[in-house]
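Student: Work out the full structure: start from the sequences and follow the hints.
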Amino acid sequence: MFGVVRSAFFAVIIIGMPIWAEGLPEDMSVEQRVAGLWQEYKAAKSSQDSLTQKTVFESLRDVAKGSRGTVYEEAAILFLREGNRELELGNYNEARVEFLNSAQLNPYLWPAYSGLARIKKESEGDYLYYITLNLKGLKYAFNSRNTLFVMDVLVWLFERLLLAFKLGLIALIGIFVLKYAKPIFATTKEHFDHFDWHPLLKTGVVVGLVTAPWVLGFSWFLSALFFWVFVYPFMTARERGVTMFAVLAYALTVFFLFASYNLINARSSEETQLQLAQFFNGDPRIMLSQLEEEVATGRTSDVVYFALGSAYLETGDADNALSYLDKVSDQSDYGVLATVNKGNIYLASRELQKAATAYESAVGRLPRSGVVLYNMSVAKSQLGEHRDAESYLRRAKGRDPQLIEAIYLRGDSEATPVEISYDPLQSISRGLLGQGLGDLTNWLMRPVSLAIIVALIIAVLAALIHARSRNPRLLGKSCSKCGMIYYIPESPAHNWCSQCVNLYVRRDDLPSEAKMKKYDEVQRYSKFKRRFTNGLQLLIPGAKSIMRGNPWMGALVAWFWVLMLVFCFSSLSDIKYPFMANMNDFLVIQASIWATTAFFWLLFGLRGLWMED
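Under our numbering, the first residue of the sequence shown carries the number 3, and numbering increases by one thereafter.
Careful, some of the hints might be misleading.
Claimed, not checked - Straight-line alpha carbon distances no greater than 30 angstroms define the calculated DSS-like cross-link-like pairs of lysine-lysine that follow: (1) K56 / K123; (2) K531 / K519; (3) K531 / K191; (4) K44 / K123; (5) K141 / K122; (6) K122 / K44; (7) K578 / K44; (8) K578 / K141; (9) K184 / K529; (10) K184 / K531; (11) K517 / K531; (12) K138 / K123; (13) K329 / K356; (14) K191 / K517; (15) K184 / K168; (16) K168 / K578; (17) K123 / K141; (18) K56 / K138; (19) K520 / K531; (20) K138 / K399; (21) K47 / K122; (22) K122 / K138; (23) K578 / K122; (24) K141 / K56; (25) K519 / K191.
As the list claims (entries may be wrong) - Here are the simulated distance ranges between beta carbons: (26) C570 / N95: 31 to 37 angstroms; (27) M447 / Q355: 49 to 55 angstroms; (28) T299 / F601: 54 to 60 angstroms; (29) T57 / M447: 56 to 62 angstroms; (30) N93 / T443: 56 to 62 angstroms; (31) R526 / F571: 36 to 42 angstroms; (32) I460 / L558: 23 to 29 angstroms; (33) M518 / F601: 45 to 51 angstroms; (34) I460 / C570: 30 to 36 angstroms; (35) R448 / K138: 37 to 43 angstroms; (36) N145 / Q355: 33 to 39 angstroms; (37) I460 / E421: 54 to 60 angstroms; (38) R87 / G300: 42 to 48 angstroms.
Hint data in this document are derived by calculation from the structure and do not stem from the laboratory. Quick reminder that beta carbons are idealized off the backbone N, C-alpha and C, glycines included.
Tutor: Okay, here's the thing in structure tokens:
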């Protein structure tokens with residue numbers, strides 16, 4: 003849609019014909035009207051006519067907010083871009099005006115607050131106000147009623163969680179591959195000893211088998227599963243348990259994909275678009291004409307009936323409002339909302355008992371809604387049941403104190419009910435969960451879901467079969483004292499080789515030359531093991547716990563480390579929402595993420611170097 007605005011805008015520039023707010027043809031589209039007013043605004047700005055500039059902005063604001071769809075956002079982005087341009091030129095006063103204009107058009111426009119904060123930082127060096135204003139913009143942007151933005155953020159978040167799950171699994175299995183690399187190599191090479199091959203050929207074959215996933219062009223994820231199957235027989239019982247849990251947990255990525263798919267669909271749904279139109283207080287007359295056209299063409303649904311009833315109620319046409327609200331099915335999500343607004347109509351016409359009955363029905367279905375509880379208190383008050391009215395009012399204050407404060411600030415001489423609109427959280431939750439179990443079942447049968455699930459099942463079965471098919475007495479083990487490869491028959495029921503057992507446990511009287519040689523081997527291996535483990539711990543906090551036999555806590559710490567790294571190297575500008583492409587300052591958010599990651603590294607990475615697990 004923004005492409006239409008831009009095309010019309012450039013068309014006006016090429017033609018060079020002024021378009022005045024008072025003389026815009028009525029048959030022009032909203033996009034054309036916005037483009038014409040924007041050209042007039044730019045002309046007034048060039049001539050430094052601040053009065054005309056202000057007047058044209060007010061006209062543009064009325065046109066944008068009186069439209070259905072996202073024209074108000076696209077118009078706000080025009081001012082946002084202009085503000086960014088002035089900011090880069092160092093024109094702070096002009097940039098401030100443009101950012102304030104964009105925030106007036108869309109009060110949830112995060113980059114506008116960020117731009118104002120940057121002006122404060124660069125012009126006055128006020129870093130406290132800079133942080134405060136950025137946090138304010140963040141709070142407004144993530145308001146649940148800013149539905150489209152919240153949906154796009156959730157899709158962005160699920161994409162990062164998918165990546166973190168994959169990288170976390172690769173890191174965990176990679177640590178075990180490094181831990182058991184020497185015994186795996188020795189055991190694999192042992193199988194080829196009966197072949198009369200050159201030692202270099204044997205080594206080449208073994209290396210080829212170990213690196214097969216990359217040679218065959220497997221993905222990192224499939225390579226990790228391959229190595230897990232390969233390493234599984236060498237693991238301890240606890241290590242098998244934690245990797246089995248990690249592999250099966252990867253199945254959650256199917257549900258992340260499912261939620262992302264639903265959110266993308268819900269974003270363009272009729273329900274979401276109508277909710278946005280109500281949210282930004284579009285001109286009810288424009289909404290009425292558009293909705294009546296939909297009904298005339300046969301596009302009827304509960305959401306359309308509810309929107310029509312609400313629009314007629316806003317214009318004061320109670321009869322038409324009631325007729326459309328009656329058409330909303332009681333079983334739909336809009337049924338209870340229609341009941342509340344019908345109660346408002348009954349209350350206005352002094353049918354107090356019918357109003358109270360409607361509100362009571364709504365309270366039963368929406369017991370946590372501040373609007374419903376407040377309206378019930380108004381009905382009870384007008385019925386003379388003041389004790390019940392006070393009780394409902396206290397509950398309303400507890401559930402939605404901001405609503406009650408706004409009502410008091412409005413200063414009505416007589417308490418009046420509040421109109422209720424569709425809760426955007428319903429759109430978001432439906433976007434996450436779909437329409438029900440049927441949607442989830444259909445998603446699980448898609449190729450992308452089946453591929454993940456089948457790969458995990460095959461990997462689990464292959465690991466179990468591989469572990470059962472291997473004779474544990476023929477698996478090489480690495481002596482935890484000197485690092486030498488040995489086999490269980492050579493040193494039963496111990497993690498040390500026979501030489502270390504004889505020297506350190508049985509304390510047999512070995513020749514002095516053999517003792518000195520073994521002591522040197524142990525010292526060299528201990529130094530190498532300490533350096534290797536500490537280096538790995540610095541790269542991946544939790545690796546030390548995994549290497550030393552406490553894999554559950556180590557795996558959890560390592561996964562959180564990978565997750566934070568993913569967010570450190572992710573840009574919020576990747577959020578696929580129009581105004582995020584014009585966001586030029588993520589310093590506060592990035593600094594917070596990096597500071598949290600650094601603290602986590604100090605706590606679990608650096609501290610782990612001298613703390614025993």
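Student: Next, verify each hint and record whether it holds.
Tutor: How the hints compare with the structure:
For the hint pairing K56 with K123, the CA-to-CA distance comes to about 27 angstroms; that is within 30 angstroms, so the pair holds. Distance check on the hinted pair: K531 and K519 sit about 18 angstroms apart at the alpha-carbon level, within 30 angstroms; holds. At most 30 angstroms may separate the alpha-carbon atoms for a hinted pair to count; K531 and K191 meet this at roughly 23 angstroms. Simply put, K44 and K123 have alpha-carbon atoms about 27 angstroms apart, close enough for the 30 angstroms limit, and the pair holds.
For the hint pairing K141 with K122, the CA-to-CA distance comes to about 19 angstroms; that is within 30 angstroms, so the pair holds. Among the hinted pairs, K122 with K44 is consistent with the structure: their alpha-carbon atoms are about 25 angstroms apart, no more than 30 angstroms. Taken as a hint, the K578 and K44 pair is honoured in the structure, with Cα atoms around 28 angstroms apart against an allowance of 30 angstroms. Restraint check for K578 and K141: the C-alpha separation of about 19 angstroms stays at or below 30 angstroms, so the hint holds.
Of the supplied pair hints, the one linking K184 and K529 holds, its CA atoms being roughly 17 angstroms apart against a limit of 30 angstroms. Under the criterion of a C-alpha separation no larger than 30 angstroms, the hint pairing K184 with K531 is consistent with the structure, at around 13 angstroms. Simply put, K517 and K531 have alpha-carbon atoms about 21 angstroms apart, close enough for the 30 angstroms limit, and the pair holds. With a CA separation close to 15 angstroms, the supplied pair K138 and K123 stays within the 30 angstroms bound.
Restraint check for K329 and K356: the C-alpha separation of about 18 angstroms stays at or below 30 angstroms, so the hint holds. Distance check on the hinted pair: K191 and K517 sit about 29 angstroms apart at the alpha-carbon level, within 30 angstroms; holds. Simply put, K184 and K168 have alpha-carbon atoms about 25 angstroms apart, close enough for the 30 angstroms limit, and the pair holds. Proximity of K168 to K578 is assessed by CA-CA distance (about 22 angstroms); at most 30 angstroms being required, the pair is judged to hold.
For a cut-off of 30 angstroms, the pair hint linking K123 to K141 stands: about 20 angstroms separates their Cα positions. Simply put, K56 and K138 have alpha-carbon atoms about 26 angstroms apart, close enough for the 30 angstroms limit, and the pair holds. Our distance criterion of 30 angstroms between C-alpha atoms is met by K520 and K531, whose separation comes to about 16 angstroms. With a CA separation close to 24 angstroms, the supplied pair K138 and K399 stays within the 30 angstroms bound.
A distance of roughly 23 angstroms separates the Cα atoms of K47 and K122; the hinted pair therefore holds under the 30 angstroms criterion. With a C-alpha separation of about 14 angstroms, the suggested pair K122 and K138 falls inside the 30 angstroms cut-off, and the hint holds. The suggested pairing of K578 with K122 holds, with an alpha-carbon distance near 28 angstroms, which does not exceed 30 angstroms. For the proposed pair K141 and K56, the alpha carbon gap of about 28 angstroms is at most 30 angstroms, so the pair holds.
For a cut-off of 30 angstroms, the pair hint linking K519 to K191 stands: about 26 angstroms separates their Cα positions. As the Cβ distance of C570 to N95 is approximately 36 angstroms, the hint placing it in 31 to 37 angstroms holds. Checked against the hint of 49 to 55 angstroms, the C-beta distance between M447 and Q355 comes to roughly 52 angstroms, which is consistent with it. Taking 54 to 60 angstroms as the suggested C-beta distance range, the pair T299 and F601 conforms, at roughly 58 angstroms.
At about 59 angstroms, the CB distance of T57 to M447 agrees with the hint of 56 to 62 angstroms. Range check, N93 to T443: about 58 angstroms between beta-carbon atoms, so the 56 to 62 angstroms window is met. R526 and F571 have their C-beta atoms about 37 angstroms apart, which keeps the hinted 36 to 42 angstroms range intact. A hinted range of 23 to 29 angstroms holds for the C-beta pair I460 and L558, which are about 26 angstroms apart.
Separation of M518 from F601 is about 47 angstroms and conforms to the stated range, judged on CB atoms against 45 to 51 angstroms. At about 34 angstroms, the CB distance of I460 to C570 agrees with the hint of 30 to 36 angstroms. As the Cβ distance of R448 to K138 is approximately 42 angstroms, the hint placing it in 37 to 43 angstroms holds. Taking the beta carbon of each, N145 and Q355 are about 37 angstroms apart, inside 33 to 39 angstroms as hinted.
Distance hint for I460 and E421: a CB-CB separation of about 56 angstroms, consistent with the stated range 54 to 60 angstroms. In this structure the hint that R87 and G300 lie 42 to 48 angstroms apart at CB holds, the actual value being about 47 angstroms.
Taken one by one, the earlier hints all hold for this structure without exception.
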